[in-house]
Amino acid sequence: MSQPIIQGSSIINIFDGFRADLDDYSDRRERLIKASRDVTNLSKKIIFLLHRIMTEDAEDTDRALSLRAASAGREKLAEVTAIYAEIKHELQGDRFWRYHRCISPSIQEFIEALSFMHYLEHGTLVTFEDVQHILSDQHGVPYFILPLDDYLLGLSDLTGELMRFAITGISRRGGRSKASDVCAFVRRCKADLERLTPYVRELSRKQYVTAQSLEKIEDAAYAIVVRGSEYDLPPERLDDIVALSVSSFGGRDRRHKRANMDRNDEDDER
Amino acid sequence: MDAEDLNHINQLLDHDVELREKIKDQVTELDKKARTMVGLLNKIHSTPSNLIPALLDSVRPTLDSCREATAGLAALVPPSQFWRWKDQWANALRTVIFAASLVEYLASGKLISLAQVSDILGIKEEWKDRLAISAEDYLHGLISLVNELSRLAVNAVTLGNFEEPIRISLFVKDLFAGFSMLNLKNDTLRRRYDSLKYDIKKIEEVVYDVSLRKLAAPPVNDTAPTTS
Numbered sequence: 001m002s003q004p005i006i007q008g009s010s011i012i013n014i015f016d017g018f019r020a021d022l023d024d025y026s027d028r029r030e031r032l033i034k035a036s037r038d039v040t041n042l043s044k045k046i047i048f049l050l051h052r053i054m055t056e057d058a059e060d061t062d063r064a065l066s067l068r069a070a071s072a073g074r075e076k077l078a079e080v081t082a083i084y085a086e087i088k089h090e091l092q093g094d095r096f097w098r099y100h101r102c103i104s105p106s107i108q109e110f111i112e113a114l115s116f117m118h119y120l121e122h123g124t125l126v127t128f129e130d131v132q133h134i135l136s137d138q139h140g141v142p143y144f145i146l147p148l149d150d151y152l153l154g155l156s157d158l159t160g161e162l163m164r165f166a167i168t169g170i171s172r173r174g175g176r177s178k179a180s181d182v183c184a185f186v187r188r189c190k191a192d193l194e195r196l197t198p199y200v201r202e203l204s205r206k207q208y209v210t211a212q213s214l215e216k217i218e219d220a221a222y223a224i225v226v227r228g229s230e231y232d233l234p235p236e237r238l239d240d241i242v243a244l245s246v247s248s249f250g251g252r253d254r255r256h257k258r259a260n261m262d263r264n265d266e267d268d269e270r
Numbered sequence: 001m002d003a004e005d006l007n008h009i010n011q012l013l014d015h016d017v018e019l020r021e022k023i024k025d026q027v028t029e030l031d032k033k034a035r036t037m038v039g040l041l042n043k044i045h046s047t048p049s050n051l052i053p054a055l056l057d058s059v060r061p062t063l064d065s066c067r068e069a070t071a072g073l074a075a076l077v078p079p080s081q082f083w084r085w086k087d088q089w090a091n092a093l094r095t096v097i098f099a100a101s102l103v104e105y106l107a108s109g110k111l112i113s114l115a116q117v118s119d120i121l122g123i124k125e126e127w128k129d130r131l132a133i134s135a136e137d138y139l140h141g142l143i144s145l146v147n148e149l150s151r152l153a154v155n156a157v158t159l160g161n162f163e164e165p166i167r168i169s170l171f172v173k174d175l176f177a178g179f180s181m182l183n184l185k186n187d188t189l190r191r192r193y194d195s196l197k198y199d200i201k202k203i204e205e206v207v208y209d210v211s212l213r214k215l216a217a218p219p220v221n222d223t224a225p226t227t228s
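First to last, the sequence lines map onto chains A and B.
Per the UniProt record's numbering, the first sequence starts with residue 1, numbered consecutively.
Per the UniProt record's numbering, the second sequence starts with residue 1, numbered consecutively.
Excised from the complex, chain A in its bound form (with noise of 0.2 Å):
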């Protein structure tokens, strides 16, 4: 045998280096876990960014407030693409994989952010590349590969916040198309995200969610229909009655405090 043979007393210095291997690893792990912790703290901030200012009390037409949001969060999306960066030569090579485990929630949570944004400014699910995109660096090179599963499952988690979008806007001026307009978005994403349950683990529990969600968002969209059925009246005019009683009752008030909490809520961010 080419090899040497361990003899008793060069036990320890073999073991030596597996505790050197063994420190190694779990010190990274432990550095990945809180990276990862900080994206997924991010991430979901930036989602209540995101439901607070579509849901403001601007005189801003919808699709301005939608960019309002989206460049609101893009603005913080670069700062969890910043610890992507960071990390990212800890999980070069073979290492990637070692340690998915641990970045593997962060990641889907950033994708349910950044896909939400997403769907805000162009109503339109954001593709596989284009994620991939953002975790790059200025030259395109991929801070690590996504993973599909991980695109998957934080797209499932999408549809949820979308329910809440739906129905938190949906006594708003035009909230009840939007909320038609969510309602088919989120059926066509669960069809599709359905053809691909058999292939990835826990999308199946997720689909379970995301057609409660759909639900919900049904039965919301259902009692609008019924209630608006007994006016004979166009949409535009419901909306200018529901807001006309909104505002009457004490609205001016309301948007004042809901304009304090919303600079309290920056602050805490900061």
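These aren't lab readings, by the way, just hints derived from the structure by calculation.
There may be inaccurate statements among the hints.
Here are the simulated DSSO-like pairs of lysine-lysine, each with C-alpha atoms no more than 30 Å apart in a straight line [stated by the list, open to error]:
(1) B:128 <-> B:24
(2) A:88 <-> B:185
(3) B:185 <-> A:34
(4) A:216 <-> A:44
(5) B:43 <-> B:197
(6) A:34 <-> B:128
One side of the interface only, derived from the structure: several residues of chain A facing chain B at Cβ under 7 Å [unchecked claim]:
(7) 11
(8) 18
(9) 19
(10) 21
(11) 22
(12) 26
(13) 28
(14) 56
(15) 93
(16) 94
(17) 97
(18) 125
(19) 127
(20) 148
(21) 192
(22) 199
Restraint-style ranges between C-beta atoms, simulated for each label pair [as the list claims (entries may be wrong)]:
(23) B:186 <-> A:60: 48 to 56 Å
(24) B:151 <-> A:130: 57 to 65 Å
(25) A:187 <-> B:15: 50 to 58 Å
(26) B:177 <-> A:208: 49 to 57 Å
(27) A:85 <-> B:151: 51 to 59 Å
(28) B:15 <-> A:208: 24 to 32 Å
(29) B:15 <-> A:93: 15 to 23 Å
(30) B:64 <-> A:16: 26 to 34 Å
(31) B:151 <-> A:34: 38 to 46 Å
Beta carbons: idealized from backbone N, C-alpha and C, even for Gly.
Model the placement of chain B on the given structure of chain A, informed by the hints.
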């Protein structure tokens, strides 16, 4: 998602499923060999020491043939994806490592090194981002070795070999000292390491029994049992 993207994703996922199946086939092969060896090695508990070399010779061809499975795996795993797939073969590989370490111990009384195991299994250095033996898998194999040796200590005595438990005791203590140097996390390796003390206790009891009855000459140095 537009239809083209969806199809593309579908294709990629299909490809992964196919790869998983192919890897599984190789792992099944490796697993069969591992079980064959464990089956053969089980006879050490009833084989007198003079017949052990012949028994080991019957195991070696299977051990050597594991190269086919490792080469098959290395050819399948895409570059840099070692850690993505390794869970699939970890158990089979650990059993093979255990068998190799047991063969080495019975042949030479020594601990097989990780490099030696890689050598026997034909695992090449240039495969390292596709197929390698991780420290963890090697250590798992060694813990299985200790588990087995604690049984052997008992059964050797039954077969009238009173020196073997003492050799085993010295060997296992060295190994345990090595394990004690590791900062283990709360994982399976840690739990299995924690169970080593029961094996050591069992071995010490056997040593105690045979030395008390003067069935074996006391060990030459004082790393021997403290129970006496």
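So, going through the hints one by one against the coordinates:
no. : hint                        : in the structure
1   : B:128 <-> B:24              : holds (20 Å)
2   : A:88 <-> B:185              : holds (25 Å)
3   : B:185 <-> A:34              : holds (17 Å)
4   : A:216 <-> A:44              : holds (22 Å)
5   : B:43 <-> B:197              : holds (25 Å)
6   : A:34 <-> B:128              : holds (28 Å)
7   : 11                          : holds (5 Å)
8   : 18                          : holds (5 Å)
9   : 19                          : holds (5 Å)
10  : 21                          : holds (5 Å)
11  : 22                          : holds (6 Å)
12  : 26                          : holds (6 Å)
13  : 28                          : violated (13 Å)
14  : 56                          : violated (30 Å)
15  : 93                          : holds (5 Å)
16  : 94                          : holds (4 Å)
17  : 97                          : holds (4 Å)
18  : 125                         : holds (5 Å)
19  : 127                         : holds (6 Å)
20  : 148                         : holds (6 Å)
21  : 192                         : holds (5 Å)
22  : 199                         : holds (4 Å)
23  : B:186 <-> A:60: 48 to 56 Å  : holds (53 Å)
24  : B:151 <-> A:130: 57 to 65 Å : holds (59 Å)
25  : A:187 <-> B:15: 50 to 58 Å  : violated (29 Å)
26  : B:177 <-> A:208: 49 to 57 Å : holds (52 Å)
27  : A:85 <-> B:151: 51 to 59 Å  : holds (54 Å)
28  : B:15 <-> A:208: 24 to 32 Å  : holds (27 Å)
29  : B:15 <-> A:93: 15 to 23 Å   : holds (21 Å)
30  : B:64 <-> A:16: 26 to 34 Å   : holds (31 Å)
31  : B:151 <-> A:34: 38 to 46 Å  : holds (44 Å)
Figure legend: structure checked against the earlier numbered hints; hints not met, in rising order: 13, 14 and 25.
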